[in-house]
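Number of protein chains: 2
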Amino acid sequence: MSHTAELIAVGTELLLGNIANTDAQMISEKLSALGITVHYHTVVGDNPQRLAEALEIARRRADIIITTGGLGPTYDDLTKQTICKAFHRELELHEDILDTIRTWFETKMQKKMPENNTQQAMLPVNCTVFDNPVGTAPGCAFEEDGVHVLMLPGPPFECRYMFENRAVPYLLRLTDGVIVSHEIRVYGMGESSVEEKLHEPMTRLTNPTLAPYAKTNEVMLRATAKAETREAAETMLEPLIRQVQDELGDVVYGVDVESLEEVVSALLRERNLTLSAAESCTGGLIAKRMTDLPGASAIFRGGVVSYTNGVKAQVLGVPETLLEESGAVSEPVACAMAEGCRRICGSDLAVAITGVAGPDSDERGTPVGTVYIALASENGVICRLYSCGRGRGRGRVRTSAAQNAFDLIRRFLLDLPL
Amino acid sequence: MSHTAELIAVGTELLLGNIANTDAQMISEKLSALGITVHYHTVVGDNPQRLAEALEIARRRADIIITTGGLGPTYDDLTKQTICKAFHRELELHEDILDTIRTWFETKMQKKMPENNTQQAMLPVNCTVFDNPVGTAPGCAFEEDGVHVLMLPGPPFECRYMFENRAVPYLLRLTDGVIVSHEIRVYGMGESSVEEKLHEPMTRLTNPTLAPYAKTNEVMLRATAKAETREAAETMLEPLIRQVQDELGDVVYGVDVESLEEVVSALLRERNLTLSAAESCTGGLIAKRMTDLPGASAIFRGGVVSYTNGVKAQVLGVPETLLEESGAVSEPVACAMAEGCRRICGSDLAVAITGVAGPDSDERGTPVGTVYIALASENGVICRLYSCGRGRGRGRVRTSAAQNAFDLIRRFLLDLPL
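Protein sequence lines, in the order shown, are assigned to chains B and A.
My numbering puts the first sequence at residues 1 to 418.
My numbering puts the second sequence at residues 1 to 418.
Because the hints were derived from the structure by calculation, they are not lab data.
From a predicted model like this one, the values you see are computed outputs, not experimental measurements.
Hints are all accurate, no fakes.
As the list makes no split between identical chains, a pair holds if one copy fits it or if it spans any two.
Below 25 Å or equal to it, Euclidean Cα-Cα: the simulated DSS-like pairs (lysine-lysine) are:
(1) 197 with 215
(2) 226 with 30
(3) 215 with 30
(4) 108 with 215
(5) 108 with 197
(6) 215 with 112
(7) 111 with 215
(8) 111 with 197
(9) 197 with 112
For reference, chain B alone in the conformation it holds in the complex:
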């Protein structure tokens, strides 16, 4: 039997725009892997009447309802009460859960449990309790009239833990068949061109399917197959993924990888090489992204954020005359930054980025988005000029410059055209 889920996020902070509904994104992605289709997300405020209305609509069109939020200890946390009313259940105190919450406060927070946290131990009669070792709000689930209702806490870290470790085991008991999907990541080709090259499989196929998603600065293709077993689904996907790789060529930088820096890190690790980074306009973004990955210290030695000419000269050893003659945003300075960085950090490779992030041009009138990226290795230094961000603001120039730098390193390590 196939299932349809609806996600209901509860929280006025979502309707006021204080936070984005990232819980829905996380849960949707994982439900898809379980073969559970999601047709709607709904967001309501901390308002029992409107939550009740959303529940009424959801139970008519889905057989799994997953709520996030509204399980906290404060006066406006009303999810459990409202759901129980809608599904005619009572709430009861779970003494063991109360003990767990009390212990959590005493050990993790080193203080006594405030009285109002008691209400977090009130759960529906005859529910499956989802105990929460990473926060104070337990979740729960029950079935009523063929509809499964699952309640999860709203804070993203807790929600993720509780979904993976509590909701997934519950849901696995309900599903059969599998959906398997793989993500093909593309850098350096726009969505329209990708679609043109892959028009036929994208529009003709029904199982497996191939669908494009534009991400910031890149395109992701998702190939999905539904079958009895994982093996059968994989067999359906394998030729499709090969077709995509053949059509698109070396702009495909990976399958089921998270990012260009993940691919660069893996390549460095395989080749036993280290990297360092000298960053001007990206201001630490390369270093930040490299060190977001656990175990980075084996391949990333560090770097210099040379946001001012003084630091370029004194720390990286870029000759002052070069800075004066060519300007900070220039090929010779990018090369000197890369070579200086490689020398002082003692790395095998060093990447250097200098450019104009905006909002204004530099004092020489170099337009916003102009970025030089240099890569130094034992074989010398290469440099490329990029136009980043397409007038879409400072953040986009920086992100795009970092993406280009990672792609340049990837191409260098794989001996692809630079």
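On the provided structure of chain B, position chain A as indicated by the hints.
Leaving out everything else, chain A in the frame of chain B:
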């Protein structure tokens, strides 16, 4: 007359969890400032039938419907067609819009417009056209039976531009009275403690109101007032904000500011001081956040990401003996990093961060989350020990370490207890 809006985001990529619905967050925040209440967000896939159902539900409970997404040139972009069917309107070709799109391709993308982009110039009869100078998809709006329907493109950059510059002027003609809100940012006190201290205004007040929002590593309070004029609303808010500041003290780091780094940057600018950063476990996060802000070069000179001991020693000049005796994660090393960074970057202040981000303890068994933060100035160097992240993973340790560093600098600059 007061208005109620409902947001409908269209896109299977949202239901598959490929992206979060950040458009809804952005629009909600701005609608709130216009005095337009949002009761629901809905997300549907690229499915005309389910979009039609969502429209039917929305038009019963809101008088402003704003859709995002589904205005692209591909076969699954069906928002306009579906809305026109639901509201009994025809689509017609707008020649001038077609010219604009064609020009956009030729000038911005330097290529010929693909034929399928023609459908982006098909718009409802008698609509207000929202031309789009930052992308190819124009938006539009019309009124039918007292319901205003606004269609905006989905890509976040385009959506933001189009909302601010096209939808806001349209909506301003519909509203009267204003809602004014101010955000009070708190660092260093948990949500429960904040609520305890402010229980009375949070629960008793109806206009103005005070509501808490937990953000990553901090708390935000939103004070909101509804009145005839902006001035009247401000008069209602002023004593409430003062009360919050009196109750919470110096953990309030700002009102209507975006972040601790924004406050630190403003303080540095006022005092005509410069900063640099030596980062180990945060790996460039401080530099990245400082340089996210336009004009950073006047106050942030740069820094060193000393992710390995080699870089700490050779670039920052931390004595090798110190690294061997005390270990990289220690007070003496943090202090030496800060002093070295200040010296080589030539800044007035230098902050240094060394800690264990995880997932594993360091080779001396220092637990994950242990972070030393040092701050060097012309008066010498101070250092504080923090426990960051509360076992919530590598990302949280790094974010929390960065937050603590910014707060330490803020407190130092304001002469507050450190």
